[in-house]
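Residue 26 is where the sequence shown starts when you use my numbering, and the numbers rise one by one after that.
No lab work stands behind these hints: they were computed from the structure.
Errors might be hidden in some of the hints.
Mimicking BS3-like on lysine-lysine, the simulated pairs with C-alpha atoms at most 25 Å apart in a straight line are [stated by the list, open to error]: (1) K109 with K333; (2) K296 with K214; (3) K367 with K435; (4) K333 with K224; (5) K109 with K133; (6) K109 with K183; (7) K214 with K232; (8) K367 with K651; (9) K608 with K576; (10) K333 with K270; (11) K121 with K85; (12) K333 with K85; (13) K270 with K494; (14) K656 with K367; (15) K133 with K108; (16) K482 with K558; (17) K617 with K494; (18) K608 with K651; (19) K270 with K558; (20) K109 with K121; (21) K576 with K651; (22) K569 with K558; (23) K232 with K590; (24) K224 with K121; (25) K656 with K270; (26) K296 with K270; (27) K351 with K109.
Here are the computed distance ranges between Cβ atoms for each label pair [stated by the list, open to error]: (28) S128 with C29: 38 to 48 Å; (29) D508 with D339: 58 to 68 Å; (30) T37 with A240: 51 to 61 Å; (31) T573 with N212: 35 to 45 Å; (32) Q456 with E637: 26 to 36 Å; (33) G90 with N454: 54 to 64 Å; (34) E193 with T37: 44 to 54 Å; (35) E209 with S57: 18 to 28 Å; (36) S128 with N493: 43 to 53 Å; (37) N27 with D89: 27 to 37 Å; (38) N65 with D89: 34 to 44 Å; (39) Q604 with C29: 49 to 59 Å; (40) V519 with T37: 22 to 32 Å.
As the structure is a prediction and not an experimental result, all values here were calculated from the model.
Glycine included, C-beta positions come from ideal geometry on N, C-alpha and C.
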Amino acid sequence: MNYCDIYNKSITSSEEFWKDQANQLEWYNQPSNILSTDTNGYPLWFADGQLNACYLSVDKHIQDGYGEQVAIIYDSPVTQTVKKYTFNEVKTEVAKLAGGLLSLGLEKGDTAVIYMPMIPQAAFAMLACARIGVTHSVVFGGFAPHELAIRIDDCEPKAIITASSGIEIDRLIAYKPLVDEAIELANHKPEKVVVFNRKLGARVPFKKYDVDYEALVYGSEETPCIPVNATHPLYILYTSGTTGKPKGIVRDTGGYTTALKFSMQHIYDAKEGDVFWAASDVGWVVGHSYIVYGPLINRNTTVLFEGKPIRTPDASTFWRVIAEHKINVMFTAPTAIRAIKKEDPNGEFIKQYDLSSLRIQFLAGERCDVATLEWYREHVPIPAIDHWWQTESGWPMIANMMGVEYLPIKPGSAGKAVTGYDIRIFGENGQELGPNEEGYVVIKLPLPPGTLLDLWKDNERFKAGYLNKFPGYYFSGDGGFKDEDDYIFITGRVDDVINVAGHRLSTAEMEEIVASHHSVAECAVIGINDELKGQIPLALVVAKSGDTVEKFQLQHEVVQLVREKIGAVAALRDVVVVQRLPKTRSGKILRKMMRSIADGENFQVPSTIDDEAIIDEIREVLEEAKIGSFK
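Hey, can you work out the whole structure from these sequences and the hints?
The following block contains the structure:
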């Protein structure tokens, strides 16, 4: 089938289409109820089916005779380690860990938090939870205790699985003290903390709730997979919300595994047995979908990479990994390519490696600028495919479906709608807009399998955030337009969540933290364009009258405060002190206008502005500080 045929069938005959895809999986109980709805009228897929994601990822391939195929390649330039695990070896480790978790009292329906660096044990912990029906919530290793505590209180885990440390380019980060502090801060107290000691010298303070990971695995029997309903929550993954309180995206099991198998073959064009590398982290949705579950379900060898695109040891790292492990399909963020381009603009490192195994490069995480796409294609002459999706969707929504038909690339566009996604562009009043008219990106219900099931214990927020704005449609929160050929262009968030190097962060949450500083009267945090990271936060701060704090001291303390509360991932470096903030007469801060000033864009001065003179004041301050377009 070509793209048009397969796409049209997925929209006009969605039940038949997804039933065929579900048949590609092995079920304990084959579903007959393909599409139904919950009490919100929201789609449920395969509701009467039963299966297990760990079985599909590991055990099935062993039963099919592929036990000695390499399942996971762990490549860690920061510890100078490369280790390979066959499906047989993964099963032994995962099944024993699952048995150990059962012995600690965890059972189907419980939750567990995984707070891990990029090591094989992170994937083993995810699969072990899936094996026994425990819903896992992976929190990005190194997140500040305050952030971890919020997530502990929300999902109420019976256990936390962690490691002694993570490694940044220039330092060791001890995880256990962060976990202990988070537990102290949290109202909910997990019963057990399972600690994998990497023996790298990090401090691992012992608490009475601690369990040694290796002793637990060594002392446990292998346990079989437990069948779960297709609608059973496989995981909760927290993403920033505009209120500052993280949203727990709930993912089902049956729809998700169906969509992942389909996407590996039809979007990423990954053949069974191929080596697939998503250079991401298991703390993000890309890590869940395309480091762990997607590649393993499709019987691909997946690469788990602990390092950075540069400085581990240099900008050649990605090319070394591709050549050494004979990567066939790769997925990374444009940020990573921009970082490499900055260090090696002429691609000298690229020439040193044999990249002939690499067929396709996928890019996502934030919008890929045309210059980065062209630089990549100049130095690595293979298809470089930008595509678009969200934590909420779990798998791509707009892409060039490389396993179906390679369509011409239009730089700046993420491609066309993926099968199952009936994407429309709406105006403010819900009217559908024509070609090249920018509006809200919405998707007609039902969404295809694999997308979010709900928000964890917060159905009202789920409806308010995604379903209520345009009844009968999922509201993506992004703006964009379609051209006359149905290529879709995403122009950015329409709320106050910014995208820093593929990490979605709430400016509202940052503002709360900045405002908590004793010298700050009021503030605004906005996302401004950044050549390397896509967006970075900028804090504009009004000091309290009569406060004698020096500007540079206030700026330093605000940066440290955000780092302490959210973590280094917030990437807040730019803090400017202003006399006042631009507002409407009703007191609303004009954040979008300040973004436009910082980014050097044209903008319309709102008729409701309180005082137009503020515009020049803001421009002068940013120019003096050499921020944004004034660098």
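These are the hints, each one checked on the structure:
1. K109 with K333: 20 Å, holds
2. K296 with K214: 44 Å, violated
3. K367 with K435: 24 Å, holds
4. K333 with K224: 22 Å, holds
5. K109 with K133: Not OK: K109 and K133 at ~30 Å, beyond 25 Å, violated.
6. K109 with K183: 31 Å, violated
7. K214 with K232: 13 Å, holds
8. K367 with K651: 20 Å, holds
9. K608 with K576: 23 Å, holds
10. K333 with K270: Answer violated: K333 to K270 is near 29 Å, above 25 Å.
11. K121 with K85: 17 Å, holds
12. K333 with K85: 33 Å, violated
13. K270 with K494: Answer holds: K270 to K494 is near 20 Å, not above 25 Å.
14. K656 with K367: 17 Å, holds
15. K133 with K108: 31 Å, violated
16. K482 with K558: Cα-Cα ~33 Å, so violated.
17. K617 with K494: 21 Å, holds
18. K608 with K651: 23 Å, holds
19. K270 with K558: 24 Å, holds
20. K109 with K121: 19 Å, holds
21. K576 with K651: 16 Å, holds
22. K569 with K558: Judged against 25 Å, a Cα distance of about 32 Å means the pair is violated.
23. K232 with K590: 24 Å, holds
24. K224 with K121: Distance ~21 Å between K224 and K121 Cα, so the pair holds.
25. K656 with K270: Given pair K656, K270 is violated - Cα atoms ~33 Å apart, limit 25 Å.
26. K296 with K270: Distance of about 40 Å is beyond 25 Å: violated.
27. K351 with K109: 14 Å, holds
28. S128 with C29: 38 to 48 Å: Hint violated: Cβ distance 54 Å, outside 38 to 48 Å.
29. D508 with D339: 58 to 68 Å: 40 Å, violated
30. T37 with A240: 51 to 61 Å: 56 Å, holds
31. T573 with N212: 35 to 45 Å: Distance hint for T573, N212 holds at roughly 38 Å.
32. Q456 with E637: 26 to 36 Å: Cβ of Q456 to Cβ of E637: about 33 Å, so the range 26 to 36 Å holds.
33. G90 with N454: 54 to 64 Å: 58 Å, holds
34. E193 with T37: 44 to 54 Å: 50 Å, holds
35. E209 with S57: 18 to 28 Å: 49 Å, violated
36. S128 with N493: 43 to 53 Å: 45 Å, holds
37. N27 with D89: 27 to 37 Å: 31 Å, holds
38. N65 with D89: 34 to 44 Å: 39 Å, holds
39. Q604 with C29: 49 to 59 Å: 57 Å, holds
40. V519 with T37: 22 to 32 Å: At 30 Å between Cβs, range holds.
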